[in-house]
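With chain A fixed as given, assemble chain B onto it according to the hints.
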Amino acid sequence: MFDLALTGGRRYWSWVVFLLLLMGVGLFFYLQQLQHGLGITGLSRDVSWGIYIAQFTFFVGVAASAVMVVLPYYLHDVRQFGRITILGELLAIAAVTMCMLFIFVDMGQPTRVLNVLLHPTLHSLMFWDMVSLSGYLLINATVAYVMLNAEYKGVPAPGWIKPVILLSIPWAISIHTVTAFLYNGLPGRHLWFTAILAPRFLASAFAAGPALLILLCLLLRRLTSFDAGREAIGKLGVVVAYAMAANIFFLLLELFTALYSQVPDHIHAFEYLFFGLEGEAGLAPLMWGSVVLGVIALVALLVPRLRRNEKILATAAVLVFVSLWLEKGMGMIVGGFVPSPLGAVTPYAPTLPEWAIVAGIWATGGLLITFFYKIVVAVRAAN
Amino acid sequence: MKVTRKDFLRIAAGSVVAAGTGTLVHALSGSAPATAATVGESKQRWGMVIDLRQCRQQGECDQCIRACHQTHNVPEVPNPAHEVKWIWNEPFAKVFPFQQSEYTRQADGGTLPVLCNHCASPSCVRVCPTKATWKRGDGIVMMDYHRCIGCRYCMAACPYGSRSFNYVDPRPHLRQVNPEVPTRSAGVVEKCDFCTARLAKGELPACVEACPQGAMVFGDLNDESSPVRQLLAERYSVQRQPHLGCGPSIFYLV
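Protein sequences, first through last, are from chains A and B.
In case it helps, the working numbering puts the first sequence at residues 1 to 383.
In case it helps, the working numbering puts the second sequence at residues 1001 to 1254.
Treat each hint with caution, since some may be false.
[As the list claims (entries may be wrong)] Okay, derived cross-link-like pairs now, EDC-like style, lysine to aspartate or glutamate, Cα gap no bigger than 16 angstroms in a straight line:
(1) K1131(B) - D1144(B)
(2) K1094(B) - D265(A)
(3) K1094(B) - E278(A)
To be clear, the hints were calculated from the coordinates, so they are not data collected in a lab.
Quick caveat, the model's predicted, so the values are computed rather than measured.
Next up, chain A with everything else stripped away, as it sits in the complex:
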């Protein structure tokens, strides 16, 4: 079945070669980082996590969002999603792989990373994050392989796979909850020290992930013989609308608590993000950009007449994805380090090597998705 990914036209192979080139450039810069240390990044003593960890966080959300097609189909019999559950599960596999790579490139001593298994530490959330992410990868890989293989051979899927699929639903919620726990159990990091961090993460995940899935479905329809169907795409639009509304609502809740209570630590965290402190306002354009794009997208998604227009839906999906990428894939994590425990306001911006490594990991995810979806399209076309 895997050999189906190896048959394609000129356009297909050019795209694959392009992704491989990006991966090669990323690898080149990663080798530089390995040689010189993380000093070649924009990280510092005060801002000690940056775009790697922020992108990790964002893509955990994309991975978890597979539940937004799996749950309606298997628990509520939403048949329109029958054709695309496999796309969600395969997207989850690619996204989890990216997450693991983002964590790996962030390590100062990557050769020692297996110490996490050699000295398992149950009181560290990072241990549980590893457990939940690798479990989620295993579940989705099993489900996707078994379901697609059954389809390929034209036989019904074995009965034992159903409980595994059902297990993937709470497991998806768990991976993003544990990711939020990484941050919100730390004393002195006021931006993250909020009990609604996990719900916020889940809301933004269930908006950004299905938004990406909408775009992938539209792309598949244009480029291949596979059509997810207008109804499935429309339903995904509804999912994104609700999740985006919840996401913006949660942000407003955070702002109310900080601004009305007037507790300085809580205000400073948001003040830095949106207005800057001590003249350093590096993240403010990103955060305002995120808010403006998010609100425009939400309006377009909430009005049924607009949402049903596929061009508008596609635009809104792009806006949602970019908006949340800016907020969660950058601001949310970097903002947690400013001001520092000693009140220092230290700017952070990724360096060229850092961007190249990040692009290399995106390309890896892109290549996985390309291969996976190619197989799906070929299997479906054959039937």
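Frame of chain A, contents of chain B only:
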């Protein structure tokens, strides 16, 4: 027996699962002493009292810093973003941000030394995924530079900013090397260790010994007759961010 490609893949996958299960079993059976490491009780709990009145007498003094950094092979990295420091001076208003208002004395713009607080309930130890940082029975929070994977979770968890990461190879930035203390490699976190090696020899921490005013007093917080306890009984003292519940072992007399 002919092994097909599919068989080979099955065996390989099975072996990986088996190896993983073995590690997990090992982890679960070995977890009891590991958690005990966070709150190991012993008779002593090392702590420090810093008398700010004495400290201010010297004006722009950095003798404790120089003594510490020379003793422990702490590099002088030129780029401030990559700075490594175990003890350093910070303005009063930064260390105790909400202890004064526009009506109080602005602590005459003075600075004071800050270092690892060797907390009773250290959040850095709680988050470390490899136990590369742990708390000894006598309260000292230690680092194992050979186990640290460089994930910097401890730096995010420390509410005092006491930890430094080696963003670059520190060795070229050492003016002279103290052969009794190991140098570090790039990619690991480090911080003050309360001069564990000196304590073992019955000596005081290097910073305490170097202070020309005797402003830093070191001793056992669990011993009522120790000089630290006597100072804490006589004078008004503060800790950094006590409301966070970490329980710092460093006290400042104001």
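Can you list which hints this structure breaks, lowest number first?
-> none
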